[in-house]
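There are 4 protein chains.
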Amino acid sequence: MNFSSENYDKTHPRILKALLKSNNGFVPSYGKDEYTFKAIEKFKEVFGTKELETFFCFNGTGANNFAIGSLTEKHNAVLCSDVSHLYTAESTAPETFTGCRLYPLKTRDGKILIEDLLLKIKTKNDVHLPPASVLTITQPTEYGTIYDRKELKIIAKHCRQNNILLHVDGARLFNALAAMNCSLADFVKISGADALTLGGTKSGLLFGEAVVFFNSKRFKNLHYHHKRSMQLASKNRFIAVQFSELLKDGLWKKIATHTNNLASYFKQELMKTGNAEIAYPVETNMVFMKMGQTQFDKLKSSAHFYRWDFQQEEVRFAFSFSNTKKEINSFFKEYRKAIKGNSLSN
Amino acid sequence: MNFSSENYDKTHPRILKALLKSNNGFVPSYGKDEYTFKAIEKFKEVFGTKELETFFCFNGTGANNFAIGSLTEKHNAVLCSDVSHLYTAESTAPETFTGCRLYPLKTRDGKILIEDLLLKIKTKNDVHLPPASVLTITQPTEYGTIYDRKELKIIAKHCRQNNILLHVDGARLFNALAAMNCSLADFVKISGADALTLGGTKSGLLFGEAVVFFNSKRFKNLHYHHKRSMQLASKNRFIAVQFSELLKDGLWKKIATHTNNLASYFKQELMKTGNAEIAYPVETNMVFMKMGQTQFDKLKSSAHFYRWDFQQEEVRFAFSFSNTKKEINSFFKEYRKAIKGNSLSN
Amino acid sequence: MNFSSENYDKTHPRILKALLKSNNGFVPSYGKDEYTFKAIEKFKEVFGTKELETFFCFNGTGANNFAIGSLTEKHNAVLCSDVSHLYTAESTAPETFTGCRLYPLKTRDGKILIEDLLLKIKTKNDVHLPPASVLTITQPTEYGTIYDRKELKIIAKHCRQNNILLHVDGARLFNALAAMNCSLADFVKISGADALTLGGTKSGLLFGEAVVFFNSKRFKNLHYHHKRSMQLASKNRFIAVQFSELLKDGLWKKIATHTNNLASYFKQELMKTGNAEIAYPVETNMVFMKMGQTQFDKLKSSAHFYRWDFQQEEVRFAFSFSNTKKEINSFFKEYRKAIKGNSLSN
Amino acid sequence: MNFSSENYDKTHPRILKALLKSNNGFVPSYGKDEYTFKAIEKFKEVFGTKELETFFCFNGTGANNFAIGSLTEKHNAVLCSDVSHLYTAESTAPETFTGCRLYPLKTRDGKILIEDLLLKIKTKNDVHLPPASVLTITQPTEYGTIYDRKELKIIAKHCRQNNILLHVDGARLFNALAAMNCSLADFVKISGADALTLGGTKSGLLFGEAVVFFNSKRFKNLHYHHKRSMQLASKNRFIAVQFSELLKDGLWKKIATHTNNLASYFKQELMKTGNAEIAYPVETNMVFMKMGQTQFDKLKSSAHFYRWDFQQEEVRFAFSFSNTKKEINSFFKEYRKAIKGNSLSN
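Residue numbers (my numbering), protein chains in the order written: chain A, 1 to 346; chain B, 1 to 346; chain C, 1 to 346; chain D, 1 to 346.
Don't read these hints as lab results, they were simulated from the structure. A few of these clues could be false.
To be verified - Not everything, but these chain D residues come out facing chain A in the computed CB check (under 10 Å):
| no. | residue |
| --- | --- |
| 1 | 27 |
| 2 | 30 |
| 3 | 73 |
| 4 | 74 |
| 5 | 153 |
| 6 | 224 |
| 7 | 226 |
| 8 | 228 |
Where a beta carbon is used, it is the ideal one built from N, C-alpha and C, also for glycine.
Generate the whole structure from the sequences, applying the supplied hints.
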C-alpha cells in the first residue's frame with residue numbers, strides 16, 4: 001500500500017499508449033513538430049481561447065520559475081503562500097532565476113489570507129522595497145484545499161486593482177477542477193489567471209508540465225525565457241503527446257475524480273474509527289491528519305505515506321490513479337490494529 | 001529643526017578635517033595606499049585582533065550585500081529580521097548579488113524572536129528547501145533597540161550549534177556600543193560575529209561604510225567578492241581616512257553618546273507632556289512614538305521627522321551629531337501647542 | 001531521409017523496452033528508488049571507480065549548467081570554446097545560473113587552440129578580472145571532431161598546472177569513445193575530467209542526461225546544486241533506467257559505432273562525387289560540408305539536414321541510430337542529380 | 001612624478017570648494033535635496049534637452065552595470081569591446097547584476113571593428129543564442145583613442161537599424177569632447193547614445209559618477225534599478241554638488257584640455273628622443289608605449305606609471321589635472337639617462 005505521492009506511481013496506461021504511438025520516425029526537435037502543434041491546439045480548445053501561448057516543461061520547479069520569471073522584472077517581488085512549493089521546495093531557483101524577492105503570505109488551511117495579501121500589497125517603501133508584481137497561488141493548495149469560486153474572484157479583484165499579475169501553480173489543478181466541477185476555460189475566467197503551471201507528472205504522465213500564458217500578447221520574449229529557463233526539450237513531442245492524451249475525452253477528469261473519491265472515502269473510513277484528527281478540510285485527493293510517532297512507526301511497515309510536518313506531527317496520504325478502495329480497506333485493517341488501546345497523540 | 005535621519009546631516013567637522021588633510025598629492029588607487037593601510041591597522045587595534053580583514057564600501061546596501069554574499073553559497077538561505085534594512089530597504093540587491101533566499105524572522109521591538117529563529121533553523125526539507133547558512137541581525141535594530149549581552153550570547157550559541165554564521169548590520173553600531181558601554185573588541189567577543197557591517201555615514205562621515213570579517217582565514221576570495229559587489233573605490237583613501245578619524249580618541253563614542261543622550265532627553269520631555277505613547281524602548285539615538293495624522297500635520301512645518309509606519313501611525317525622531325538639546329526644547333514648545341486639546345490619536 | 005539531428009529520432013527500441021519494464025508499481029520519488037540506485041552502481045562500474053557521484057538531468061542545457069555551476073564560485077570565469085553549445089545554444093542560462101563570465105576560446109575544427117587557452121589563463125588583472133576556474137571542452141566537438149589522447153593529455157596538464165577544473169560536455173561522448181576505441185573509464189583517466197555531462201538524448205533515450213563528478217568528495221553540496229538547477233526529476237527512475245540499459249552490454253558502443261560508420265560511409269560517397277568540400281575532419285557521426293543555397297534548395301525536398309552556418313554556407317549531416325546506409329544511397333542519387341552541371345558554390 | 005592614473009590624484013580645488021560649501025546643515029537624503037535637483041537641472045542644460053534622467057552613482061563599475069542592467073532584459077546579450085573596462089575590470093558584476101551575456105568585439109587601437117560588430121549582430125541561432133540588445137562603447141577608449149564623428153555616426157546607424165541600444169562608457173568622456181571640440185549636447189546627438197556613464201572620479205571629483213538616460217520615457221523603473229544596483233547614495237548632495245561644479249563655466253573642459261595637452265606634450269618629447277614606439281594614437285590624456293622590463297625598472301624609482309600589458313610590454317602614462325609640463329620635463333631627464341646605450345626593447 002503506497003499513499004506517498006502521485007510521483008511514486010507509474011505512467012497512466014492511456015498516456016503511455018499515446019506516448020508509444022508517437023515514438024515513430026523522425027520529427028523536428030525543439031517543439032517544431034506536429035505532435036507539439038496539435039497539443040498546442042488542444043490547449044486552445046480546452047481553454048476556449050486562441051489568445052494563449054503554451055510551453056512544455058520538464059518539471060514543476062522549472063515550470064514555475066519559467067512562468068514567474070517571464071512575468072517579472074529584475075526589481076520586482078513575488079507574493080506567494082508561506083507553504084507554497086515555490087517557497088518551500090524549489091531551493092534557490094526562484095532567486096537565481098528570477099532575481100526577485102519572494103514575500104511569503106500567511107495561510108490558513110494552505111490558502112493565503114486576504115488580509116495579509118492586502119497588507120503586503122499596501123506596504124510601500126519607495127524604491128527601497130521591491131514592489132510585488134506577481135501573486136502566485138496554488139490550486140489546490142499544498143494541503144489539498146481549494147480556493148472556491150468566490151475566493152478566486154476576490155483574489156482576482158485585488159490583483160487587478162493593484163496591477164498584480166496572477167500566476168496559478170496548478171501542479172494538481174485537475175483535482176481542484178474535478179472537485180469544483182469546473183472546466184479549464186471557466187477556471188481561467190473566474191480566477192483571471194495571467195499564467196498557469198499545469199501539472200502533468202502528478203496526473204499520470206511519465207514526465208512533463210505545461211505553462212500557459214493568457215492574453216499572451218502582453219508578454220514579450222516568452223520563447224526566450226523558455227529556453228533561458230532550461231525547459232526547452234529537444235524531443236518535445238514526447239511531452240506534448242502526453243498532454244494531448246490527458247486533455248482528450250476528459251481523461252484528466254476521470255483520473256482526478258477517481259483520486260478525489262479515494263481521499264473522500266479514506267476520510268470517511270477514518271472518521272468511522274472515531275480516533276482521528278483531520279488536519280485540513282479534505283477537498284481533493286489528499287488527507288492530512290495528526291499522527292504521533294508511535295502510531296506512525298506501527299503503520300509504516302504496512303503502508304507508505306509521508307510524515308509531512310514533524311513539528312505538527314502531521315502525516316499526508318496522497319492518492320494516485322493506481323490506488324484503489326481495496327487498498328484503503330486493507331490500510332484500515334492495519335490502522336484499527338495500530339490505534340487499539342492508544343490515545344490520539346501516541 | 002530636523003530629526004529626520006543622520007543621513008540628512010552634514011559631515012562631522014573632525015572627520016572633514018581629516019578628509020581634507022588626506023586630499024594631498026598622488027597616492028595609489030584601489031586601496032593600495034598608506035591611508036588605507038593605516039585605517040586597516042586601526043581596525044585591528046580597536047577590534048583587538050590581527051585575525052581580521054577590513055574592506056571599505058560605499059554604502060550600507062553595498063556593504064551588507066558584499067558581506068552576506070561572501071558568507072553564502074548559491075544554494076543557501078539567509079535568516080534576517082522581518083524589519084531589517086536588508087529585507088525592507090535594499091530592493092532586490094540581496095537576491096541578485098547573493099542568489100540566496102531571505103527568510104524573515106518575526107520580531108518584537110525590532111529584535112528577532114529566538115523561538116522563530118529556532119523554528120526556521122530546524123525546518124528542513126532535504127535538498128528542496130534552501131538551508132540557512134547565515135543569520136544577520138541589526139545592532140541596534142532599525143527601531144533603535146539593543147540586543148543586550150545575554151541576548152547576544154544566546155544568539156551566538158544557537159548559531160554555533162547549528163553551523164550558522166552571524167553577520168551584524170552595524171549601520172548604527174556605535175550607538176549600541178555607547179549605550180552598552182562596550183568596546184568594539186568586546187562586542188565581537190560577546191556576539192561571536194563572523195562579519196560586521198560598520199556604518200560610517202550615520203556617524204558623521206561624508207560617505208563610507210566598512211565590512212570586517214573575523215577569523216578571516218576561513219573565508220576565501222574576499223577581495224574578489226569586494227570587487228564583484230562593486231564596492232572597491234578607486235580613491236579609497238577618502239573612505240579609509242574618515243574611518244581612521246572616527247576610530248581615533250574615541251570620537252565614535254563621543255558622537256554616539258551625544259546622540260543617545262538627545263534621544264533620552266527627548267523621551268524624558270515627551271513623558272512630561274503626559275500625552276505620548278512611545279512605541280519601542282528608547283535605548284539609543286531614536287525615539288518612535290504613535291502620532292495621528294492631524295498632529296503630524298500640525299508639527300511638520302516646524303520640525304522634520306519621519307512618518308515611519310502609516311498603518312501603525314508611528315513616527316520616528318532620529319538624532320544626529322548636529323542636533324542639540326536646544327532644538328529639542330524648541331520642538332516641545334511646538335509640540336505642546338499641537339497637542340493642546342487633542343487626544344492622542346488625532 | 002532525415003539527417004537533421006539525433007534529436008529528431010525516436011527512442012531506441014532496447015531503451016524503450018527497459019523504460020516500459022520499469023513502468024511498474026510505486027517507487028520512491030526524487031531518485032530514492034532502486035532503479036536509480038542500480039543506475040548509479042552501473043556508472044561506478046563503467047567508470048571503474050567508487051569515487052564519483054552521478055546525477056540525472058533533463059536536458060543538455062540543464063546538465064551543463066548544473067555541472068559548471070557546481071564547480072564555480074560567484075566571482076569566477078569559465079573558459080569555453082567559441083563554438084561550444086554552452087556559448088552558442090544555452091541562452092543566458094550560464095550567466096543566470098552560475099553568475100560567472102564565459103570566456104570564449106578560439107577554435108580550429110571545433111577544438112580549442114592551446115595557445116589561446118594559455119593566453120586566457122595567463123591574462124590577469126588582479127581582482128578586477130574574473131579568474132577562470134573551469135575549462136569546458138566538448139568531446140566530440142560541435143563539429144564532430146575529436147580531441148585525441150595526446151591533445152587531451154596536454155589540456156589536462158595545463159588545467160592541473162593552473163588550478164583549472166575540467167568539465168567535458170559529452171553530449172555525444174559515446175561517438176568519440178567508439179571512434180577512439182576508448183572506454184569511459186580510460187577517457188576519464190586520460191582527460192583528467194573533474195566533471196562530465198554524459199548525453200543520453202542523442203544516443204537514443206526518450207529524454208535524459210547525466211552529470212558525473214569524479215573524486216567527488218572535493219565538491220560540496222552537489223545535491224543542493226542539482227535541485228537548485230531545476231534538474232531533480234520527481235519520477236527519476238524513468239531517466240535512470242534508460243541509462244542503465246544504454247550502459248549495458250555495450251549498447252552505447254553499438255549505437256555509436258553504427259552512426260560513426262554512417263558518417264564515414266557518407267563521406268566516402270561524397271568524395272566519390274568529386275564535387276564536395278568537406279568542412280571539418282569526419283571523425284564521428286557528423287559530416288559538415290560547404291553547400292550553396294541553390295544546391296541546398298534542390299535537395300531539401302528529398303532530404304532533411306541543417307543549414308549550419310549561413311555565413312560560411314555550411315550544412316550538417318548528423319546520423320542517428322535509425323539511419324541506414326540505404327538512406328545514404330538514396331540521398332546520393334538525389335545529390336548527383338542536384339550537382340549535375342553545377343559548380344561547388346551554387 | 002606620478003603618471004599612474006587620474007585615480008591617484010587628489011580632489012580638484014574648485015570641486016572641493018563646492019563640496020565644502022554644500023557641507024552645511026540638514027538636507028533630505030537619497031537625492032531629494034536641492035543640491036541634487038540643481039545638478040539634475042544642470043545636466044538638462046548642458047545636454048540641451050529636458051528629455052533625460054540623471055542618476056548619481058558611486059563608481060564606474062556601479063554606474064556601468066546600473067546603466068546596462070536598465071537597458072537589458074534577462075535573456076539579452078551585451079556587445080562590448082574586448083578591451084573594455086566592462087569586460088576586463090568589473091569582475092562578474094555584469095553577469096550577476098544584468099544576467100546577460102557579454103559578447104566581446106574585436107578592436108583596433110581600442111576601438112571596436114565595425115565588421116565584427118556586424119558579424120555578431122547578424123549571428124542568430126533562434127532562441128538558443130541570447131540576442132544582443134545593447135552595444136556599449138568607451139569614449140575615449142581604454143587606450144585613449146577616440147571614435148571620431150564619422151565613426152560615431154556609423155555605429156549609431158548600425159545600432160538603429162538593428163534595434164540595438166547604445167551605451168557609452170564615458171569614464172573620461174570630457175577628454176574626448178575637449179579633443180573633438182564637441183559639447184555634451186552635440187556628442188549625444190552625433191552618437192545617438194541612449195545611455196551614458198559620465199565619469200567624475202577621473203575628472204577631479206572626490207568620488208562619484210553619473211548615468212544619464214536620453215529620451216528617457218522609453219525606459220521604465222529606472223529609479224528601482226538605481227536602488228537595486230546599490231548606487232543610491234544616502235548623502236547624495238555630496239555627489240551632485242561636485243558634478244554641478246564640474247559642469248559649471250566649462251571647468252570640465254579646462255581640466256580635460258590641460259590633461260590632453262600634457263599627453264600631447266609628452267608624446268612630442270618622446271618623439272624627440274628618437275627612441276620610442278608609441279603603441280596607439282595619442283588623442284586624449286594618455287600615452288601608451290612599448291617599454292622593456294629593463295628600462296621600466298630603471299625608471300620606476302623616479303616616476304610612477306603602469307605596466308599595462310605584460311605580454312605586449314606596454315606601459316601607460318596617464319595625465320591628471322595636478323600633473324604639469326615641468327614634471328614631464330623632469331621625467332625626460334630620467335628617461336634620456338635610462339635609454340642611453342639601450343635599444344628599444346631592453
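Right, here's what the structure says about each hint:
| no. | hint | verdict |
| --- | --- | --- |
| 1 | 27 | 17 Å, violated |
| 2 | 30 | 8 Å, holds |
| 3 | 73 | 7 Å, holds |
| 4 | 74 | 7 Å, holds |
| 5 | 153 | 30 Å, violated |
| 6 | 224 | 4 Å, holds |
| 7 | 226 | 7 Å, holds |
| 8 | 228 | 5 Å, holds |
Violated hints, in rising order: 1 and 5; the structure is consistent with all others.
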